[in-house]
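J.: All residue numbers for the sequence shown refer to our numbering, where the first residue is 808 and numbers rise by one.
Just so you know, these hints were derived from the structure itself, not from any lab.
C-beta atoms are modelled at their ideal positions from N, C-alpha and C, and glycine is treated no differently.
Mixed in with the good hints, there may be bad ones.
Unchecked claim - Taking CB as the label site, the calculated pair distances span: (1) Ala872 - Pro931: 15 to 23 Å; (2) Gly904 - Ala981: 20 to 28 Å; (3) Arg982 - Pro916: 40 to 48 Å; (4) His845 - Asp960: 39 to 47 Å; (5) Asp843 - Gly934: 48 to 56 Å; (6) Gly896 - Ala919: 25 to 33 Å; (7) Arg902 - Ala962: 36 to 44 Å; (8) Lys887 - Thr834: 20 to 28 Å; (9) Lys887 - Val846: 43 to 51 Å; (10) Glu837 - Ala886: 16 to 24 Å; (11) Gln957 - Asp831: 19 to 27 Å; (12) Ala872 - Arg902: 35 to 43 Å.
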Amino acid sequence: MKALRFLVSASALLAATSAMANVDNATLPEAVRVPDGHVQKAWTVGIGEVTYACREKADQPGSHAWTFVVPAATLYDAAKNVVGTYYGGPTWEARDGSKVTGKQVAVAPTSAGNLPLQLVKANPAVGDGRMSGTTYIQRLNTVGGAAPAQGCDMAAVGKEVKVAYQADYVFYGAR
Numbered sequence: 808m809k810a811l812r813f814l815v816s817a818s819a820l821l822a823a824t825s826a827m828a829n830v831d832n833a834t835l836p837e838a839v840r841v842p843d844g845h846v847q848k849a850w851t852v853g854i855g856e857v858t859y860a861c862r863e864k865a866d867q868p869g870s871h872a873w874t875f876v877v878p879a880a881t882l883y884d885a886a887k888n889v890v891g892t893y894y895g896g897p898t899w900e901a902r903d904g905s906k907v908t909g910k911q912v913a914v915a916p917t918s919a920g921n922l923p924l925q926l927v928k929a930n931p932a933v934g935d936g937r938m939s940g941t942t943y944i945q946r947l948n949t950v951g952g953a954a955p956a957q958g959c960d961m962a963a964v965g966k967e968v969k970v971a972y973q974a975d976y977v978f979y980g981a982r
């Protein structure tokens, strides 16, 4: 029920942010700014969930923590149309069949309970379409998605928890 309430709230947030203007990179934390020479080409809102697993810390035997496993989200445009999906890799796939993967280059903290802001350098896109020419992707305006607050100990090892989230995904291409 809690996840359902969050998704209803996320839908309200989607409505509130559907008039997204161009991102002013100068107002963002330096770590997640897109380098000069790249311009915004698309904006979407992702609404979905992040799966976490309770695991033993590799560098601290006997200690446990919630570990990020995989994200899954539906991507919407400003008119609230479904335009694609976001899933592990990370991968953004448009309904036209084009898709782009990438490698995280930086994150910047945001408020408690929310995923950090993120900058991803894109690999060349596969297929012609919406994702073609993407060079960078930012994750901004995150709501939710942070690791669970509930305990992760020896008794919970192997347990998975899905945490609802919403974020803007902003796509850039070379100038």
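J.: A separate judgement is required for each hint: does it hold in the structure or not?
T.: Structure-based check of all given hints:
1. Checked against the hint of 15 to 23 Å, the pair Ala872 and Pro931 fails, with Cβ atoms roughly 35 Å apart.
2. Against the hinted window of 20 to 28 Å, the Cβ-Cβ separation of Gly904 and Ala981 comes to about 22 Å, which satisfies the hint.
3. As the Cβ distance of Arg982 to Pro916 is approximately 29 Å, the hint placing it in 40 to 48 Å is violated.
4. Between His845 and Asp960 the Cβ separation comes to about 44 Å, which falls inside the hinted range of 39 to 47 Å.
5. A hinted range of 48 to 56 Å for the beta carbons of Asp843 and Gly934 is inconsistent with their spacing of about 28 Å.
6. The hinted window of 25 to 33 Å between Gly896 and Ala919 holds, with their beta carbons roughly 27 Å apart.
7. Checked against the hint of 36 to 44 Å, the pair Arg902 and Ala962 passes, with Cβ atoms roughly 43 Å apart.
8. Separated by about 25 Å at the C-beta atoms, Lys887 and Thr834 satisfy the suggested range of 20 to 28 Å.
9. About 24 Å separates the C-beta atoms of Lys887 and Val846, a value inconsistent with the hinted range of 43 to 51 Å.
10. Between Glu837 and Ala886 the C-beta distance comes to about 32 Å, which lies outside the given range of 16 to 24 Å.
11. A C-beta distance of roughly 37 Å is found between Gln957 and Asp831, which places it outside the suggested range of 19 to 27 Å.
12. Take Ala872 and Arg902: their Cβ atoms lie about 36 Å apart, and the range 35 to 43 Å holds.
Violated hints, listed in ascending order, are 1, 3, 5, 9, 10 and 11; each of the other numbered hints is respected by the structure.
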